[in-house]
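*Asks:* These are the residues of each chain, in order.
2 protein chains.
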Amino acid sequence: MTDVLEHALIERLAAGLPRSALQLNALHESDAELLRLPGTGMVLAVTTDGLAEELATGLYRDPELIGWMLVTVNASDLAAVGAEPLGIVLCETLPPDVDPSWIVGLQAGVRAGSAATGLAVLGGDTNMSPTTNLTATALGLIRDGRPLTRCGCAPGDVLFASGSLGLGSAFALLQLKPELKHAMPLAYRPAARLCEGRLLRGYASCCMDTSDGAIATLDELMRRNAVGFRLETDVTAWTCEPAVTLARAVGLSPWVMHAGPHGEFELLFAIPAGREPAFLAHARRIGWEPLRLGRATREPGAQLVLDGHPATVDTGRVRNLFAEAHGDIERYIGLLVREVSLP
Amino acid sequence: MTDVLEHALIERLAAGLPRSALQLNALHESDAELLRLPGTGMVLAVTTDGLAEELATGLYRDPELIGWMLVTVNASDLAAVGAEPLGIVLCETLPPDVDPSWIVGLQAGVRAGSAATGLAVLGGDTNMSPTTNLTATALGLIRDGRPLTRCGCAPGDVLFASGSLGLGSAFALLQLKPELKHAMPLAYRPAARLCEGRLLRGYASCCMDTSDGAIATLDELMRRNAVGFRLETDVTAWTCEPAVTLARAVGLSPWVMHAGPHGEFELLFAIPAGREPAFLAHARRIGWEPLRLGRATREPGAQLVLDGHPATVDTGRVRNLFAEAHGDIERYIGLLVREVSLP
Numbered sequence: 042m043t044d045v046l047e048h049a050l051i052e053r054l055a056a057g058l059p060r061s062a063l064q065l066n067a068l069h070e071s072d073a074e075l076l077r078l079p080g081t082g083m084v085l086a087v088t089t090d091g092l093a094e095e096l097a098t099g100l101y102r103d104p105e106l107i108g109w110m111l112v113t114v115n116a117s118d119l120a121a122v123g124a125e126p127l128g129i130v131l132c133e134t135l136p137p138d139v140d141p142s143w144i145v146g147l148q149a150g151v152r153a154g155s156a157a158t159g160l161a162v163l164g165g166d167t168n169m170s171p172t173t174n175l176t177a178t179a180l181g182l183i184r185d186g187r188p189l190t191r192c193g194c195a196p197g198d199v200l201f202a203s204g205s206l207g208l209g210s211a212f213a214l215l216q217l218k219p220e221l222k223h224a225m226p227l228a229y230r231p232a233a234r235l236c237e238g239r240l241l242r243g244y245a246s247c248c249m250d251t252s253d254g255a256i257a258t259l260d261e262l263m264r265r266n267a268v269g270f271r272l273e274t275d276v277t278a279w280t281c282e283p284a285v286t287l288a289r290a291v292g293l294s295p296w297v298m299h300a301g302p303h304g305e306f307e308l309l310f311a312i313p314a315g316r317e318p319a320f321l322a323h324a325r326r327i328g329w330e331p332l333r334l335g336r337a338t339r340e341p342g343a344q345l346v347l348d349g350h351p352a353t354v355d356t357g358r359v360r361n362l363f364a365e366a367h368g369d370i371e372r373y374i375g376l377l378v379r380e381v382s383l384p
Numbered sequence: 042m043t044d045v046l047e048h049a050l051i052e053r054l055a056a057g058l059p060r061s062a063l064q065l066n067a068l069h070e071s072d073a074e075l076l077r078l079p080g081t082g083m084v085l086a087v088t089t090d091g092l093a094e095e096l097a098t099g100l101y102r103d104p105e106l107i108g109w110m111l112v113t114v115n116a117s118d119l120a121a122v123g124a125e126p127l128g129i130v131l132c133e134t135l136p137p138d139v140d141p142s143w144i145v146g147l148q149a150g151v152r153a154g155s156a157a158t159g160l161a162v163l164g165g166d167t168n169m170s171p172t173t174n175l176t177a178t179a180l181g182l183i184r185d186g187r188p189l190t191r192c193g194c195a196p197g198d199v200l201f202a203s204g205s206l207g208l209g210s211a212f213a214l215l216q217l218k219p220e221l222k223h224a225m226p227l228a229y230r231p232a233a234r235l236c237e238g239r240l241l242r243g244y245a246s247c248c249m250d251t252s253d254g255a256i257a258t259l260d261e262l263m264r265r266n267a268v269g270f271r272l273e274t275d276v277t278a279w280t281c282e283p284a285v286t287l288a289r290a291v292g293l294s295p296w297v298m299h300a301g302p303h304g305e306f307e308l309l310f311a312i313p314a315g316r317e318p319a320f321l322a323h324a325r326r327i328g329w330e331p332l333r334l335g336r337a338t339r340e341p342g343a344q345l346v347l348d349g350h351p352a353t354v355d356t357g358r359v360r361n362l363f364a365e366a367h368g369d370i371e372r373y374i375g376l377l378v379r380e381v382s383l384p
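Chains as they are written, first to last, in our numbering: chain A, 42 to 384; chain B, 42 to 384.
No lab work stands behind these hints, which were simulated from the structure alone. None of the values given here were measured: they were computed from a predicted structure. Among these hints, one or two may not hold up.
[Unchecked claim] Derived CB-CB ranges, DEER-like:
no., chain 1, residue 1, chain 2, residue 2, range
1, A, P59, B, I370, 53 to 59 Å
2, B, H48, A, L46, 51 to 57 Å
3, A, R184, B, H48, 33 to 39 Å
4, B, R325, A, A67, 39 to 45 Å
5, B, P196, A, W143, 41 to 47 Å
6, A, A49, B, E94, 39 to 45 Å
7, A, E282, B, H367, 25 to 31 Å
[What the hints assert, rightly or not] In silico negatives: residues of chain B with every beta carbon more than 10 Å from chain A:
no., residue
8, V130
9, G165
10, A202
11, G349
[Said to hold, decoys possible] One side only, chain A facing chain B, incomplete, derived with CB under 7 Å:
no., residue
12, Q64
13, L65
14, A67
15, H69
16, E94
17, G164
18, G165
19, T176
By construction, the Cβ of each residue, glycine as well, lies at the ideal position given by its N, Cα and C atoms.
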């Protein structure tokens with residue numbers, strides 16, 4: 042498989058750091074860090090995530106969206122390990138001349154995100170510096186000590202998404218194409234799938250959120266489990282409607298809406314075939330309709346169905362293209378389109 | 042008492058945020074957030090702290106010091122609540138063209154800080170953005186569920202420091218006065234007082250670290266406990282030797298070395314008079330010699346002894362001067378010197 046550029050940096054940063062004997066997961070194995078709580082059978086989940094790139098590139102401008110996302114990106118990692126939300130701490134670096142109305146908007150977004158996820162704001166740190174930087178750390182609890190991770194999927198397991206995908210890329214593309222923006226209003230305020238994650242702990246063999254887009258998520262799950270994925274449902278059927286419409290408007294295949302590094306915070310997960318009926322019945326009882334995408338395979342690689350035709354995607358290469366294009370979005374899309382092969 | 046400008050911002054940021062029923066402390070009441078762990082008698086301590094200002098102003102330049110401080114500032118908050126270290130997560134925002142040798146230095150500092158504190162690095166988040174921003178969140182455990190906080194001090198309690206103070210200001214002043222720097226090499230690599238904090242849980246009525254300087258710490262402890270402090274030991278006796286020397290070299294009274302907003306991560310704490318002998322005996326058994334500073338008083342305000350003469354300091358006003366001087370260090374020192382009144 043193609044090496045992932047981001048992994049190389051993370052592995053370099055982590056090299057030589059002492060690890061805790063209490064930690065259950067190794068690098069890349071779960072969306073949140075998992076720590077056995079001494080003297081109990083419980084596991085603490087902790088995750089930290091910042092919004093640096095989204096702010097520096099102007100992808101997020103509305104302060105309410107920024108506050109919402111600061112909570113949601115972290116809550117989504119707790120969802121992917123099936124944790125019960127405990128609380129969140131915020132680290133806000135603000136310019137000394139920050140507009141007070143911007144702070145009001147930010148806090149309204151944080152408050153809404155906190156209420157939606159049950160992650161009470163426990164405290165934080167405030168710093169002054171010319172460049173805005175917002176990070177948060179969320180804590181969750183897994184009382185029975187059995188978290189979901191990215192690892193455990195076997196060939197034959199059934200691949201699902203918690204909901205339709207592609208909204209993250211659609212939102213990002215619209216910010217970059219202002220001429221399309223007023224023709225196509227799009228509400229981007231993704232919700233962390235916390236209830237669904239907790240339900241999944243009883244059924245799923247692996248789980249990961251689509252914070253980096255569905256292709257990156259599929260790629261990571263394949264790497265962690267040494268499996269491939271054969272998607273049997275046509276891409277348009279699991280792509281959200283605004284993403285399909287937008288892709289058509291700019292003359293792209295809808296699969297491209299899953300390739301970008303900005304996702305929608307749904308969950309991708311696999312269910313062993315024998316547990317599928319019980320899982321679906323349980324999901325139905327909470328009013329949730331997961332999307333069945335396909336199956337894990339012994340053969341490596343990702344196969345999609347595009348307008349009725351099978352196609353393969355080098356998911357590792359797709360993950361690296363954004364870095365390779367050095368932020369040039371036209372070049373990036375040009376590179377992307379060449380990456381799908383129709384046999 | 043003079044209102045603290047920083048409190049006003051923090052209270053504005055926290056306004057209207059839902060709080061957790063599990064949280065033991067309110068705003069400003071402890072150095073780390075304290076959360077009851079459901080189904081256990083234990084308390085989880087969590088604290089988040091970033092290095093934005095220290096990096097933006099150039100106060101910290103050596104990447105090894107930066108990595109060390111990223112761990113230490115958070116570990117020190119765990120020390121001040123008497124927690125046992127569990128682990129730390131890092132959120133690193135780095136410029137795309139960051140020098141690889143800078144990263145090597147940073148990670149060496151993080152590794153050394155992690156080894157010194159027992160805070161294993163559990164994981165983190167890495168972002169790319171033009172401005173470097175480093176934040177971390179540390180977790181600790183208080184197994185018996187009885188943390189130290191800033192609250193609980195009564196008039197008559199004996200005030201101590203875990204060690205001599207003033208190194209943080211001395212270091213900051215030297216960075217700003219390069220002409221003095223080569224004449225006076227100063228090693229600034231403060232250690233979090235984790236062992237001392239755990240010992241203090243059995244004795245202290247309040248505790249706080251000197252991350253913002255001793256005057257700010259005294260001020261905060263007075264506010265939380267509605268007491269004053271009468272320091273009976275001359276300032277020079279509890280000021281570290283390099284800070285005394287530096288103050289004399291620039292013609293300032295040594296008390297000024299406790300006024301700056303950059304501290305040395307010692308602990309200030311009070312011991313009820315009846316527990317003092319047992320506390321001192323226990324401290325001696327671990328080879329620790331805390332410095333006895335004075336007593337909490339019913340009368341508000343801070344009294345110092347400067348070169349044998351009593352003096353009062355408006356600690357609240359001193360905390361605000363750095364913001365009032367808008368970073369102009371000469372103006373700041375000028376304002377400071379006027380703040381101490383010799384009767």
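*Asks:* When the structure is checked against the list of hints, which entries are broken? Sort them ascending.
*Replies:* 1, 2, 6, 7, 8, 9, 13, 14 and 15
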